[in-house]
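What follows is the residue order along each chain.
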Amino acid sequence: MKQPEIADPKPPTYKNRPRVGVFVCHCGINIAGVVKIPELMERVTKWGDVAVVKDYKYTCSDPGQQMIRDAIKADRLDRIVVACCSPTLHETTFRNACAEAGLNPYLCEIANIREQCSWVTEDRDKATDKATEIVRTVLAKACADQPLESITVPINKRALVIGAGIAGIQSALDIANAGYEVVLVEKEPSIGGHMAQLSETFPTLDCSQCILTPRTVETGRHPKIKLLTYSEVESVSGYVGNFKVKIRQKARYVDFDACTGCGLCMEKCPGRAESSFERGMAKRKAIYRLLPQAVPNRPVIDAQSCMYLLKGKCGVCAKICPTQAIRYDDKDKFVEEEVGAIVMSTGYELFDAAGLGAYGVGTVPDVIDGLAFERLLSASGPTSGEVKRPSDGKTPKKVVFVQCAGSRDSTQGMPYCSKICCMYTAKQAILYRHRVHDGEATVCYIDVRTPGKGFEEFYRRATDDGIQYLRGKVSKIFRQGDKVVVWASDTLAGRKVELEADLVVLATAVVANPDGVALARKLKTQLDTHGFMTEAHPKLRPVETLTAGFFLAGCGQGPKDIPETVAQASAAAAKVLAMFGSTKLTHSPTVAVVDEDICVGCGNCERTCAYDAVKVDEQRGIAVVNAALCEGCGACAMSCPSGAMNHKNFTKKAIFDMADQF
Amino acid sequence: MKYVYYPGCTLYTKARNLDACARKAAARVGFELTEMPSWNCCGAIYNTTTDDLAAQVGSVRNLAKASQLGEKLVTLCAACHNVLKRVDDRLHAQGNEVERDRLIAFVDEKFEHRVQVMHYLEVLKNDIGFDKVKEKVTKPLAGLKVASYYGCLMVRPREVLQFDDPENPQVMDDLMAALGAVPTPFDFKAECCGGYLVVNRRDVARTASKRILDNARARGAEAIVTTCPLCQYNVDKLRPGGDGAMPVFYFTQLLGLAVGLPVEELGFEYNAFDPKPFLAQKGLA
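As given, the protein sequences belong to chains A and B, one line each in that order. If you read the first sequence in the working numbering, its first letter stands for residue 1, the second for the next number, and so on. If you read the second sequence in the working numbering, its first letter stands for residue 663, the second for the next number, and so on.
These aren't lab readings, by the way, just hints derived from the structure by calculation. A couple of the hints might just be wrong.
What the hints assert, rightly or not - A short, non-exhaustive set of chain A residues, derived as facing chain B with CB atoms under 10 Å: (1) A318; (2) K319; (3) V485; (4) K648.
Said to hold, decoys possible - Using 30 Å as the maximum straight-line C-alpha spacing, the simulated DSBU-like pairs for lysine-lysine come out as follows: (5) A/K397 <-> B/K872; (6) B/K872 <-> A/K483; (7) B/K944 <-> B/K686.
Treat the numbers as computed from the prediction; the structure is a model and nothing was measured. No residue lacks a Cβ here, since even glycine has one placed at the ideal position from N, Cα and C.
Looking at chain B on its own, in the form it has when it is part of the complex:
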């Protein structure tokens, strides 16, 4: 199976560890990601309350370009996914034709057809199937108690994202179970990490992230797994847990580990809390 892949800016900078093994893991699991040439910003950095148009135009071009390359557009960054999905929804919403025409007029690229915007997790769940993923696991993450943290962007707004229950999502937990880990339910799966407040109100972001980390630990988790670079940054790099910190993985890192990619290819050097000693202790690295 072939997919058009949209990495987004963060996966080339702060979140290299999210992208690092995603493509190699995909090959092992049985699908192929072809990066879109000359992609541009999804628009997530624009404040939609001050400039709603700029926030959309970027994604309109990306969607148009993707439509020339394939049927399904795959994303990894939760913010990119959210913006692309919402723009796609607005482009095709009934009664929104005037806005659609205005938006499409901004870009040179022609729309061939409507592309299906999918998150990497949705590919694994719907197109591949977790039971197939399970068959590809060569190094089961046995005994790894991991809390799946989804954040806000992956699940909301529910009608548009149509990803999972926004209050109690399960997709990543199910993937972790397929990889042999022990998914640990906790109460802050979809609560706010503090988001961009880390820029000007670091204290607020730290409080919000600490709450997530503390609750996961109280539920018995030994590590957190996420799909959003901003969540990962706040919960991992902000070090909100102080001495009580724990590894905060991207789900692609654990997927790569389980399907047998070499540890040095998993981008652990970009994680603020070094997970290698923890994994060594678990006999996984």
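Chain A extracted, bound-state conformation:
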């Protein structure tokens, strides 16, 4: 019986019948190994409007593209259909090839016969039939296509960087040093992020402060960088190249310009609060800065612990300030910035180990996390770099490091590997043994992962230094007298182990900074299931997002160490600079278009649009599309009750033509 779907399509209704060239790609054996190419071509040849059918082993290669260019000229083709892989891979390739041969690129269509056809079956006959169907429907669309011109929009060559940890600092400096202005927003009173909390860095053991401070100082003094600390991004509107950003500057209660950073106020302030910078192991004043090397070196007043702001009593800082910089009546301020590109470098936080009930977090004071131990090791920390445990200030003689606390744990923590903990635990154990010569360090691990330059050698150094590594997961941590007992196992020796320690350090999982997650949700940048921001392509577009104009840097995208963070931040900056290198941005012209004669201005489209691209003009009573904002999703065309809204080259006619062929 004759297959009904192989019947010839209806004759088109155009006055001048199009001349279509169909090019079938073998994709090596990806397509040709399943779809019967000669049979497919034989069927296609029979259809009207098809002037030429050709095949090639790799059409995306240079000779393959040349074949298309030659055919356009030789056979006077005015439509091209390439039957190959997904349009996300090579639509641009083939459209460019058409443009080079003088054909409008929007008259070139891709018929994807690989991903959902040859890749999903081994049945050669069915695959060939399906490929035939796909090519025929796409042919109908190609015949309905109209030539389009790309939309160009100007670029505002200023960048916004959100988050001023080492990632944001690096991106901002790279962009600023190339001569473009940068707005750098940081929610804390000073910049540096978590790197400012670290003591020394692996695997070279250079002091974190020493390598970070030159960068923070350069950032603070850079003429091209507008630093907005103690500020948060409220909203972003606009589109790539032309964003409008609303930023909230939190009330500092200190006049930024009048203050000289002398520090007298902080000496005399009687208010106290727990210092989050010191991971709760020390108190800070109500008027405070995060660290003595803070950039900018201006304190802020914490309204929650300031006695004057809470009760109207005290006022010592205002009395003592030599420059009268205290402003108790300060309010949150909003500023608006216009930028062309945005780098999201919102960073990480450590997993709240209170969720790990068996690890005694919050109930045993001498169970602390990795960042807290960094503060104990740091010369600028609460113990001035002497290792003293929080409960009684004694020097711990036995320290147990617990790796994978909340990492690689799909029941109670995060299923992924946090990547940096093996190395920083080895570093912390080494540093501890430097500080406390007769101290014993034990590391409980599942696997030790050291993929990085000099990492394995560093881990060897730790084991050679007498640090004991026990392979096995820790099941329980609890207090006994003034000791902390750790129940672990040694799976290499096949025995249960009970360790008595003075201090336990948990290498808790790295999670996306919750404030960054909330911001990303608000700005509609894509997040994965764990709250890490998603890159546009995991291999080939690692610092871009699917939202044009948004770029990624640092741990907000996934756990990573300092060198990797800096490399990614520079890559994000390079992408921003590549964008700033051209004078105008081109935008796909396949956008929504209104038939002004039909539109009644009901506003359905305006309510449907996720990109704020459609607005009803009140005076004219019709909808107007901002083509630069339109992403071409087609939702407005679907919602339009009168049929006035259409989508260029996805007109209702084109879609019905395609459906008719199916």
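Based on the hints, put chain B in the right spot on chain A.
Relative to chain A, chain B alone:
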């Protein structure tokens, strides 16, 4: 509210003090327990590694029978609860239809519907609410520092029991707070008491139980409260603490005391370490 009640064998023998006031306390708090007629062994005494089937069949019959009597089946013994809950889970697990049919074929009783297996604590927490329980308290256990010991059976396996955090459960602590006591957190809430090893390795059970008792005392607890007869036996009757022993209550005893049941109805005579002098000292008995 009415519930079908499955006491289990131990509550008629060694753990009479767990059952004694549970029904009367329920009436005071506002629900009614109707004991299932002709219930049989839950199957906990069978070793599942040697006879997995026998360990389940008993509970299948109990569940089928309960389904003819009501919607919710309430248990008190941690072992019964664990076995009933796990059998119920296996009966209704997707992809387990062959085993289910085989098991159901063993018993004469017909399944009317799936019953909800609930522990008495879950009734108090979810159906009544601890705030309502608190309203019924007539004799608050003021100043009683009590460590809640859950053992292994109440909380594990987590996916099936769905009772509480298996590493740091809170339900009983919350109940104690509602009764006016001071819940004292300690580190061995869900560790092993030694279980049935008390039969052939008494020393092992004693060591395990002593560890629990010692840790509770080190955290400042004056008494332990539990829901498992085996835990109670090992921590109380084995006397692992020697001279440093402390009262080991069933939670129903403290509930009964707080809602005003007479002391003589609370079954204190079955506790190995007599709690009455302790309670008298606290002004509670």
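Between the alpha carbons of B/K944 and B/K686, is the straight-line distance 30 Å or under?
holds (23 Å)
Any CB of chain B closer than 10 Å to the CB of A/V485?
holds (8 Å)
For a C-alpha distance cap of 30 Å, please report whether B/K872 and A/K483 respect it.
Within the cut-off at roughly 19 Å; holds.
Can we keep the A/A318 interface hint, with Cβ of chain B closer than 10 Å?
With a closest approach of 44 Å, the A/A318 hint is violated.
Does the alpha-carbon distance linking A/K397 and B/K872 stay inside the 30 Å limit?
holds (28 Å)
With a cut-off of 10 Å on the beta carbons, see whether A/K319 makes it to chain B.
violated (46 Å)
Identify whether the interface hint at A/K648 stands, where standing means a beta carbon of chain B within less than 10 Å of its own.
violated (49 Å)
Of the numbered hints given earlier, the model fails hints 1, 2 and 4; all others are met.
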